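Chains A and B, in that order, give the protein sequences.
Be aware that the first sequence starts at 1, since it is given in the numbering used here, and climbs by one per residue.
Be aware that the second sequence starts at 1, since it is given in the numbering used here, and climbs by one per residue.
Don't read these hints as lab results, they were simulated from the structure.
If you're wondering where the values come from, they're calculated on a predicted model, not measured in any experiment.
Yeah, the Cβ is synthetic: ideal placement off N, Cα and C, and Gly gets one too.
Be careful, since some hints might not be right.
To be verified - Here are the computed distance ranges between Cβ atoms for each label pair:
# : chain 1 : residue 1 : chain 2 : residue 2 : range
1 : B       : S11       : A       : G60       : 45 to 51 Å
2 : B       : S189      : A       : R26       : 50 to 56 Å
3 : A       : I33       : B       : S11       : 21 to 27 Å
4 : A       : A76       : B       : T184      : 21 to 27 Å
5 : B       : R26       : A       : A146      : 47 to 53 Å
6 : A       : G32       : B       : S37       : 48 to 54 Å
7 : B       : R26       : A       : L209      : 18 to 24 Å
To be verified - With a straight-line Cα cutoff of 30 Å, these simulated DSBU-like cross-link-like pairs (lysine-lysine) come out:
#  : chain 1 : residue 1 : chain 2 : residue 2
8  : A       : K175      : B       : K23
9  : B       : K12       : A       : K54
10 : B       : K175      : B       : K54
Protein chains: 2
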Amino acid sequence: MSNRNARLQPSKPTIERLSTYIKCLRAMKKEGILTASSADIAAATGVNAAQFRKDLSYFGEFGTPGRGYDVEQLQAHLANIMGLREKHRVLLVGAGNLGSALAGYPGFKERGFEIVAVFDNDPHKIGTKIGDLEVMDVDTLPKVNATLNADIGIVAVPAAAAQAVVDRLVAGGVKAILNFAPATPQVRSGIVVRNVDLTSELEVLSYYLQH
Amino acid sequence: MSNRNARLQPSKPTIERLSTYIKCLRAMKKEGILTASSADIAAATGVNAAQFRKDLSYFGEFGTPGRGYDVEQLQAHLANIMGLREKHRVLLVGAGNLGSALAGYPGFKERGFEIVAVFDNDPHKIGTKIGDLEVMDVDTLPKVNATLNADIGIVAVPAAAAQAVVDRLVAGGVKAILNFAPATPQVRSGIVVRNVDLTSELEVLSYYLQH
C-alpha cells in the first residue's frame, strides 16, 4: 500500500470521511464482522474504495494485501488519529430550543463528548435547569471554564449574538467551536470553527427528488 | 474542459459539495464578485480546484478557459441542477425542543424550504402552536398531506419512534426525509433518507484539537 501521502496534510473532507469510516467500522464490529476489504467499506459508506485507501494513506500503512483490514484494529487506530480515545468536555452556549435539544442529544455522551456547562444571557433562563445542568450567566464563562477546562464549545444562539459568544468561548480557553448560528464568526489562527448548515442537508435531498 | 463524466452518476459527496459551491457563489455574488476561477472557489470552500472541476464535469461544460466562471450564471446553473429554482414544502414531525428549533430555523425558508405543517403524537402538544403552525396529530399526516403535497419530511423524534414516523411520511407521499433521530430507518427504493449525525461534527473538531 502506498504511503506517499503520509507527510502531507489531509484535507478537511478527508477528516470528515474518517468519522464516517469509524462509524461504519463501529457498526461492523457490533455485527461481529472481524475483517473488511476496502470494497466492503466503500459499499457501506458510499465513498469509493480508491478514495478510502487514499484517505488512510495520509496516516500510515493499514491492512494486509489480499486479507483486508482488521475491523477492530482499524477502528481503534482511526479513533486514535481523531483524538477520540479520551473524553472531551464541551461547553454549550444558548439555552433556547436548540440548546435544550443539543443538551439532551444522546449521541454526544455515548461517543465521548460530555456537555459540562450551559450558558445563556437571558435572566429568565439563568438559574433554570436543562437536564442536570443549571444554566449559568454567559459573562461567567471564562471564569467557570478556568476550572472545567473544556476545549470544545457549541454555539446555539441567534446569528446576531454568535460573534460575541465565540469571542467569549475563546477567552475562556476553548480551542474548537461547533457553530449552529447562521453566521460565520471570525477567530484568530489556532482556533477551529465548524459552521453547521442544516439547509445544505435539505438541498442535497432536493437534488435526489428531481433525479 | 473535459466532459467525460457527463454520463456517469455523481456520487453523494459530489452532490454535497455542489451545495457548498452554491453557498460560496451566493456569498461571492453578494460581495459583487462577477467572475471566479476554480482556484478562487477552491480557496473559499476548502475543496481542491481539481475536485471542483471534476464535480462540475458530471453536469456539462462550464466556464471559459482562462477567464473563469461567471458567478451568477454558475450559481443559477447549479441551483437548477439541485432543484432549487422552485420552492419546496416540508413536513416536520416532532414538536419537542429540536422540532421547535427547526421550525424557527431561519435558513430553511430563506433558501426555499418552507415548513408547512408540524406533527406530534403527544396529546399535550397537539393543538398548541409552534410559530404560526398548529401542531397536528401525526395520525392525520397522510390525509393532511393529500392537500399540502409536501415532498420532504423532517424527523425530529426519539430514536424509538423514528421508523414509525418515516413509514407515516412515506404513506403520506413524502419522497425525501431528513432524519435527526439517532437511528437508521429503512425505506423502500425510490425514497431518500439523510441521517444527520451531529456527533460526527464534534469528532472532526476533536481531530483538529490534537493536530
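Hint-by-hint comparison with the structure:
1. B:S11 to A:G60: 45 to 51 Å: Because 26 Å falls outside the window, the suggested range is violated.
2. B:S189 to A:R26: 50 to 56 Å: 26 Å, violated
3. A:I33 to B:S11: 21 to 27 Å: This hint holds: roughly 24 Å between Cβ atoms.
4. A:A76 to B:T184: 21 to 27 Å: Given range 21 to 27 Å: holds, Cβ gap about 23 Å.
5. B:R26 to A:A146: 47 to 53 Å: Because 40 Å falls outside the window, the suggested range is violated.
6. A:G32 to B:S37: 48 to 54 Å: Hint holds: Cβ distance 50 Å, inside 48 to 54 Å.
7. B:R26 to A:L209: 18 to 24 Å: Check passed, 21 Å falls within 18 to 24 Å.
8. A:K175 to B:K23: Holds, at roughly 26 Å.
9. B:K12 to A:K54: 18 Å, holds
10. B:K175 to B:K54: 29 Å, holds
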